[in-house]
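S.K.: Could you use the hints to bring the two separately framed chains together as a complex?
Here the protein sequences line up with chains A and B, keeping their order. Going by this note's numbering, the first sequence opens with residue 186, and the numbers climb by one from there. Going by this note's numbering, the second sequence opens with residue 10, and the numbers climb by one from there.
Keep in mind that a hint or two might mislead.
Distance ranges between label pairs, derived from CB positions [to be verified]:
1) A:GLU330 to B:GLU325: 17 to 23 Å
2) A:GLU330 to B:VAL192: 44 to 50 Å
3) A:PRO224 to B:THR565: 52 to 58 Å
Keep in mind that the hints were calculated from the coordinates and are not lab data. Just so it is clear, the structure is predicted and the values come from calculations on it, not from any experiment. For each residue, glycine too, the CB sits at the ideal point set by N, CA and C.
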Amino acid sequence: MKNEQKLAGPIIRSSFTLMILTGLVYPLVSTGIAQAIMPDQADGSLLYNEQGEVVGSELIGQNFTDPMYFHGRESAIEYDASGSGSNNYAPSNQDMITRTEESIAAWSEENPAIPVNQLPIDLVTDSASGLDPHISVEGAAAQVERVAELTEISSERLEELIEENTQGKEWGLFGEERVHVLMLNLDLQELIQE
Amino acid sequence: MITTILSIFITLAVMVLIAKPSGIYLAKAFDYKKTRLDKVFGPFENLLFKLSGIKKVNQSWKQYALALILANGFMIVLVYLVFRLQGVLPLNPSGNPGMEPTLAFNTAISFMTNTNLQHYSGESGLSYMGQMIGILFMMFAAPGTALAVAIAFVRGLSGREIGNFFVDLFRAITRVLMPAALVTGLIFVALGVPQTLEPSITAETIEGTAQEIARGPVGTFLSIKELGNNGGGFFGVNSAHPFENPNAISNFIQILLMFLLPAALPFTYGKMVGNFKQGRVLFVSMLMVFIVFLSTALFYEYQGNPALNALGIDTEQGSMEGKEVRFGTGQSIFYALVTTATETGAVNTMHDTLTPIGGMLALSNMLLNTVFGGVGAGFINVMMYAMIAVFLSGLMVGRTPEFLGKKIEGREMKLIAITMLMQPLLILGASAAALYTPLGTAAISNSGFHGVSQVVYEYTSSAANNGSGFEGLGDATPYWNITTGIVMYLGRFFGLVTMLAVAGSLASKKLVPETVGTFRTDTPLFGVILVGTFFIVGALTFFPTLVLGPVAEYLTL
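Extracted from the complex, chain B is given alone in its bound form (with noise of 0.2 Å):
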C-alpha cells in the first residue's frame, strides 16, 4: 500500500517535471517564426505540402474553422469507406469481414472525435488494414487536429494571426505525435507488445487443447493511442490485455503518455502569451482537482466491494473484480482516473466493475471535461471556464471582465453559454431519451441504480470524447451506433468551432492597459475561483444524475 502510494507519487512527480518543457517545445513546434527545429523538419515537411498543394497563408478564424470543419468532415467519409470495405482490402490475414452500416458510421466519428468509443472488438472487427488506415491514421489525424486548434486559439488570444489549419496539423504530426509515437512504440515491443503482421497463432497448451493467440502491430499503436489521448484499443480488451500492456512499467509510461500533451499545453500557453504564471495557475488549479479525485477513489477501491467481502474471503487486495493481479487495485484505479482526466480512454481495468465511489470519479472528471482533459480541446475547454471566472468576478465587482487586456464582453459570452450549455444537454437529452425507450434499456446489462449509471458514463464519455464505458453495456446495435454518434460529433465541433470564434473575436480587440484596479489571472485566487467555477457549474447541472447513480448503489450495497 505504502510502495504503491510511492509510486503513484512518483509517476506524478515526473509528469510535473516534463510538463514545462514539453509546453516550451509544442510552442517553438508551432512558431511560424523561423526556429531551429525548421532545419531538422522543414525539407519533410516542405515534401509533404507540397504533395498536399498546401500554401503557407494565415486564415481567418472562419477560414481555420472551415478548413477543420471540412478536413475532418472528408476523413471520416474516408474512413468510413475503408471499415466497410475492409473485407476485400489486403492484408486481412483473419480473413474479417466489412462492418455494418451503423457501425461503421460510429467508428469513423468515434475515431476522428478523439473518442474511440468502440462498439466492436478489436481483435474480430477489423483487419489489420482497417486498424492501420482506418484506425491509426485518424489516431494522428485527430489529435493533430485538437493540438492545432489549440494552438490557433492561444494565438487569437494573444493578438496574433490565427495560422493555417493544414500548416498546424501536418506540424502536429511530424513534430511531435509521430517521433514521439515511434520511440514509445519501439520501448513497448523491448517490453513484450508485439509489432507483428504476421496471423494469430495456435499454441497447444500444457493441458492439451488448443489455444488461439490474437496478434498484430500493436507496439506503435499503443504508443500514439496514449500519446492522443485517443483510447482505442488494438485488443478488445484494450490496455488490460497482457499484450497492450505487459507489466508496471508499460502502464508507468503509458499514464506519462496520456498526461503529456495535456498538461505541456498549459504551459504552452505561458510560453505564447509571454507570462509563465498564465499557465503556471491553470496546470495547478487541475492537479489540485486530479489529487482530491484520485485519494478518495484510491480510498474506497481499497475498501473493496462489501458484497465480496462479507462472503469471508482474504480479500486485502481490494476488490479485484475486473482488475489484473500485475496491476493491483492501485494502479488500477490510478490509470481509471488518468484515462478519464485526460479523455484517452484506454483502461486496464474495467470501469463498469469499479466500486460505485470510484466509478463515479471517473465519471466526474468525463463530466467536469476540465481536469487537463484531452489534447487540445480539454484546454480550449479549460480556457472557457477561465472566462467564465473572469466573467463571474467580473460581475461580482462591477466592472468589465478583461482577460489578458482584452474586454470579455456580450458577443463572447453568448457563445460561451451555448457552448456550456450543449454539453449538459447532449449528455443528460441523450440518456434520458435511452432511459424511456425499450431500444435504450435493453442494452443494460447490471439492473438497478448500476444500469442508470452505465447508460450515463456511455453519453458523458462520448460527449466528452474519452471513449471508455461501462462495457457491459449491449451498445453495439443501430440505436447506440448512431445516437452515441451524433452526440461524439456535436461534443466535437461544436465548441472547437465556437471557440475559435471567441478567440478571434478577441484578437480583433484593442487591449485594454493594465491597471491597479484589474483582475489578475495569473494568482492562486484565481485558481481558487476556476476550481470553484468548475464546480458550481459541474455540480450544479449533474449532481442528480450522480445522486440517481453511483450515490444510490453505494447506499444501497
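Isolated chain A (complex conformation) (with noise of 0.2 Å):
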C-alpha cells in the first residue's frame, strides 16, 4: 500500500457525508419511526380535557399559586415550560437561605396546624429543572388539613387521592417514592365540581 493520500477531497466531502447522515437522516428516520409507533409520547406524553383541549403534559410540573389546590415545589421561572432553569444557589449563598425561611414562614401562615418540623425540604426548595412534576409523600400529607378545610372535602377522601397518585420507587429500587401535584389536582378539581 502506498502511503500518500490527500487530504482536502476527503476531509470536505466526509464532513458533509456526515452531516447528511447524522444530522438529518438519524433525526429524521427516528422520528419517524417514533411517531409511527409511539405518538402519545413522541409529542410530550400531552394531556387533554373532555373538549380535547391541552391541559398540560404529564410530565410537567404545573405552577398552583391557590391554597384550595396541593402545591409543587418552589420555581425560580413559576413554572414557565418555553424554559428551564433555577437559581443555582450554592449551599452558602445568603439569597437561598433567606428565600428559603420566607418560603417557610409563607407555609406556617397558610398552613397554620402544621408544625414546621413537619415540612419537608423539597416543598421548600428549588427543583434543579423548576418545571419538577413531583413532591414527596410527606409534602403532600402535610397539605391535606389546608385542602380539606377550604374545599370542604374530608382528609380521607384527599388521603385516598394521594395515595391514587402516588408511584413508588421504579423496579421497587430506583429513585424516590413521589406524589405527582398536577394529576393530583385534576382529580381534586373533579371532586370540586362534582
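M.R.: Laid out in C-alpha cells, this is it:
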C-alpha cells in the first residue's frame, strides 16, 4: 500500500457526508419511527380535557398558587416550560437561605395547624429544572389539612387521592416515592366540580 | 436509603458485566482483517467511503494526526456557519435568531471537542436545524474521532500499523455509535422523552393560565448525548428536565450509556494486545477510585446543607435545593459523579447547589481526568498515567522502564511530561487570570469561597472536556466564550496529538524480551502504583486550589 493520500478532498466530502447522515437522516428516520409507533410519548405526553384541549403534559409541573390546590415545589421560573432552570444557589448563598426562610414563613401562615418540623425540605427548595412535577409523599400529606378545610372534602378522601397519585420507586428500587401534583390536582378539580 | 444504595450497586454491577463484551466488540469493529461485521456494515460503509472519496490505506502517525486536526478543524468552521446562519435556515419553528460570533465560536469548539459546555440555552438559543446538523452531527463526530484515536493509539502500542483516520471515524459511527443510539433513543421515547419536529405547544392550566411547553426531537438526541460522553442538553437544564429524563429508569439507562464506552475500552485494549489482564488492572483501579469518591459524596450529600438543616424543617431527604424529587439525593449525586468521571457533562441536578464536599468530588473527578474519563480521550490519558507509573517504578529500581515490551525513553517521557503539564497550566492559568480581572469576576454569582469554586469548575470542565458547570456563573459573555473556547481546544487536541506521537514512537521500537526482572504491568501491584500516581500528580497540583474553594466553604458553612 502506498502511504500517500490527499487530505482536502476526503475531509470536505466526509464532513458533509457525516453531517447529512447524522444530522438529517438519523433524526428524521428516528422521529418517523417514534411518531409511527409511540405518537403519545413522542408528542410530549400531553393531557387533554373533555373538549380535547391541551391542559398540560403528564411530565411537566404546573404552578399552583390557589391554596385550595396542592402546591408543588418552589420554581424560579414559575413553571414556565418554554424554558427551564433554577437559581443555581450555592449551599452558602445567603439569598437562598433568605428565600427558604420566607417560604417557611409563608407556609406556616397558610398551614397554621402543621408544625414546621413536619414541613419536608422539598416543598421549600427549588428543583433543578423549575418544572419538577412531583413532591414527596410527606409534602402532600402536610397539605391535606389546608386543602380539606378550603374544599370541604374530607381528609380521608384526600388521603385516598394522594395514594392514587403516588408513584413508588421504579422496580421497587430506583429513584424515590413521590406524588404527582398535577394529576392529584386534576382529580381534586373533578371532585370540587361535583 | 438502603434501597438507594442497592440500586446504585445494581447499576454498577450491570456496568461491570457489560464492559468486557462491549470491549471485545469494539476490538472487532475496528479490526482491519475481514470479520463477520464486514458483511453487516461493509456495503453501507463502502457507499459512504465512495461518497467521501476515502481510500483504505494505512497512514503514518503524523498523517493520522494531521487528518484528525484538519478534519475536526473543518467541521468546526462548518458548524460555526450553521450557528451563525440558523435564523435563515429552514426548520426554525420558534424563529430563533443566529448566534453572536463569540458564542458560535465557543459552541462549535465545545461540541467538536466533546465538551458540550453550553453558554446558550437549548430552548431559545438553537433552532431545530441547529440542534440537528450542528449539535447532533458533532455529537457523533466528536466521540467518533476520540474513539478512532484511542484505537489507533493501541494499534501503535501493540506494534501494528496506526490505521486510517477516516476509516476509523466512519466505523466508530456506523458500527458503534449510530446503531446503539438509535435503539436506546427509541427506548427513551417509550419512557416519555419527546421526539417531534412540531413547535412548542400551549396548554391551558388548571388555574387558568397559559403554559407554553417546549419540546423537540429529544429522544435520539439524548441517547447519543450520553453514549458519546457528549453531555450537551437539548433543554437548558439538561437531564434534570422531566422531558430529558422522565423517571429513574431513564436515569438508570443514561448512567449505563455514559459508562459504556469508557468502561469497555480497557478491555478493548486487553483484547488488542492479547492480554486481558493488562486491561483489567486499569479497569479495576479506576473503579476503586470511583467507588471511594462516590461513597464519600453520598455521605455528605445525605447530611444535607447545615444552613438549611438549622431552619427546623424536615430534612430527611438530604440537600434538595437544585434536585428533582423523582431522583432524590441518591440518584442525583450518583449521576453527578458518573457524569464527571466519564467526562460526559450531562446533569440531572444543578452542580452549583451540591454540598461543598459533594461538589468537590465531582470537581476532583475532572481534575484527575483518569477515573474512566471520556470516550477515547480519557482512556489515552489513563495510558499516559500508566506510562508515568512505569517510569517512576523504573527510576526507583534503577532500570530502563518498559511498557508492553517497548522501552520508554527520553523522547516519550518528554512528550508525556509536556502533556501532563498542559492540564494544570490551562486550568490554573485561566482561573487565575479570570479571578484577577473584572471581566472574569463579574460572572461569579455565589460570593465568597464558592465563587472560586465556580471559576475553577468552569475551566476544569473545559480542559477535561466535560461540559458540566457550576451554572450560576454568568459565563455567556465574550470573555468567557473566548477563554473557555481556547482551553477546550487545547485541552482536547494537544494531548491527542502528543500521545499519537508517543504511540508512533513506540511502534517503531524493537520488542525487548520479557525476563524475570521485567516490571509487570498486569498485576494488582501495578494497579496500586497506578492509583498512587493519579493521586500524587493530581493532589500535588490541585490541592491548594481545592482548599481555597470547596474545603473553605465546607468549613465555614
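S.K.: Would you mind marking each hint as holding or not holding in the structure?
M.R.: Outcome of the hint check:
A hinted range of 17 to 23 Å for the beta carbons of A:GLU330 and B:GLU325 is consistent with their spacing of about 20 Å. One distance hint, 44 to 50 Å for the beta-carbon pair A:GLU330 and B:VAL192, holds here, with the actual separation near 49 Å. The hinted window of 52 to 58 Å between A:PRO224 and B:THR565 holds, with their beta carbons roughly 53 Å apart.
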